[in-house]
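Chemist: Given next are the chains, with one letter for each unit.
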Amino acid sequence: MTSQAEEGGKAWIEPMVRQLARPAFQLAMGLVRDREAAEDIVQEAFLRAMQNRRTPHIAEEFRLWLYRVIVNLVRDHQRRRARERRPTLWVTPSTDPAIEAERLIGDQRLAEAIQRLTQREREAIQLRFGEDASYGDTARIMGTRESTARVLVHRALDKLRASLSRQELEEGWRIST
Amino acid sequence: MNALEDRVRAQLLAERQAAAPPPDLEAQLLYALHRSEVPARRAGIFRQVVLAAAVVGFASLVAFGFSRLQSRPAPAGHAIPTASASESTSATPTVSASGSVSPSATAIAAARPATADELTAMVGAGKPGAERDLGIRDCGSSQPGPGNDCFAVPSPKRGTIGTEAGYFLGARFGSGCWVYLYHDSGGWHYVNVRCGQATGYAPTVGADDQVYVTGCANTRTTPGLGSPVVDCLPNGTVVHLTNGPAYSDGKLWWRLQGHGWMAHDFLISPA
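Line order of the protein sequences matches chains A and B. Those letters in the first sequence? Residues -4 to 172, by my numbering. Those letters in the second sequence? Residues 2 to 272, by my numbering.
Treat each hint with caution, since some may be false.
Said to hold, decoys possible - Heads up, simulated EDC-like pairs for lysine to aspartate or glutamate below, C-alpha to C-alpha not over 16 Å straight-line:
1) A/Lys5 / B/Glu6
2) B/Lys128 / B/Asp150
3) B/Lys128 / B/Asp139
4) A/Lys154 / B/Asp139
5) B/Lys158 / B/Asp185
6) A/Lys154 / A/Glu107
Unchecked claim - A short, non-exhaustive set of chain B residues, derived as facing chain A with CB atoms under 10 Å:
7) Arg10
8) Ala11
9) Ala20
10) Ala21
11) Pro22
12) Leu26
13) Gln29
14) Arg133
15) Asp134
16) Leu135
17) Ile137
What the hints assert, rightly or not - Listed next, with one range per pair, are the computed distances between beta-carbon atoms:
18) A/Gln114 / B/Ala28: 26 to 34 Å
19) A/Asn47 / B/Ala53: 17 to 25 Å
20) B/Leu62 / A/Thr143: 44 to 52 Å
21) A/Glu56 / B/Val56: 27 to 35 Å
To be clear, the hints were calculated from the coordinates, so they are not data collected in a lab. From a predicted model like this one, the values you see are computed outputs, not experimental measurements. Ideal Cβ positions, reconstructed from N, Cα and C, are used throughout, including at glycine.
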């Protein structure tokens, strides 16, 4: 099990980029919901991977490692964005048509309910159901314990269920009246 | 639960499909990666080797210094001697006292460990002079260490009493120190101090030492300038000390195995 980037300088990273760039972008996009930020995050993650001597070279190990970097970068991005937003006293609606379009994709109620989850719950949901990661891999990517990952996923599902039930009840009430 | 999970999966899948990556994503990434620098691995390995060597070296130094402090003799040394000639003519006693005690041959006692009271008195008399000569301050409650070159007396105190003279062990950062004193009716008086990590640079009973002299240094049958000369040992002669120190004629003296007594000044490295 080679875990040190010993040989080849930058050559080893190319097949990783070809194999993982798109899924990595989709993961970042799912978490950050901003195309530009997602591109920056993916680029930064690959750069860190290439420059870190401890980056694993085995594809599967590398994928987990890369995703973990992406999750950390997304957290940094969200923190920065939260700081920038703090002084604002009103909410500015998004002007990015892509974001607005994505909000309407698929099950809109569910999409909105997912966005109301906490950052960590969204990460857990994205990894577990978006990436089909096991609880073990979800925990590794999030940098937490497996039991914590399970709790986060179950709590998120509970919240989604509650949110959807309430919305559907309200809608049913509106229709019936 | 499964229905909700399936619904979540379907939703996330739909979002993923909608969030199509830029068509040239890989090309952009590869371009950015090729422009960036990969840290030189050789430098990393070299740095680690140097760091490991430094750690091992420092540990060895500490262990060696510690063993010197714990075990015994001679600290000291550095420079090549510039010393005097023969003790009977040009050696200048470093002893400042005027009162001279000249023990007869029969009055010479065998060296013995100093008692606690004697050590307290010796340290009290010798420490200020040692700190002054070494140009360092008292450690107080601290310990000598990197960035803190000060003078301390390790606990438990260690010292040896000869004949109206003695020495005790001190320490500064990186080396042990021997502080030499003589005794008269006024109590203990500081003579000099030497610090070092190797043997052979300062005299202690039971250890080897080296002669520092230009020409040769006399050895005598008993401590004192009036005693018959037995031998004259050239610079660099390695000698084994069996007794001492003895204070006589304003000097400290040491008994050398097979050679008689030699003045302290020729057995201590130049400061």
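Chemist: For which of the previously enumerated hints does the structure constitute a violation, in increasing order of number?
Modeler: 1, 4, 5, 14, 15, 16, 17
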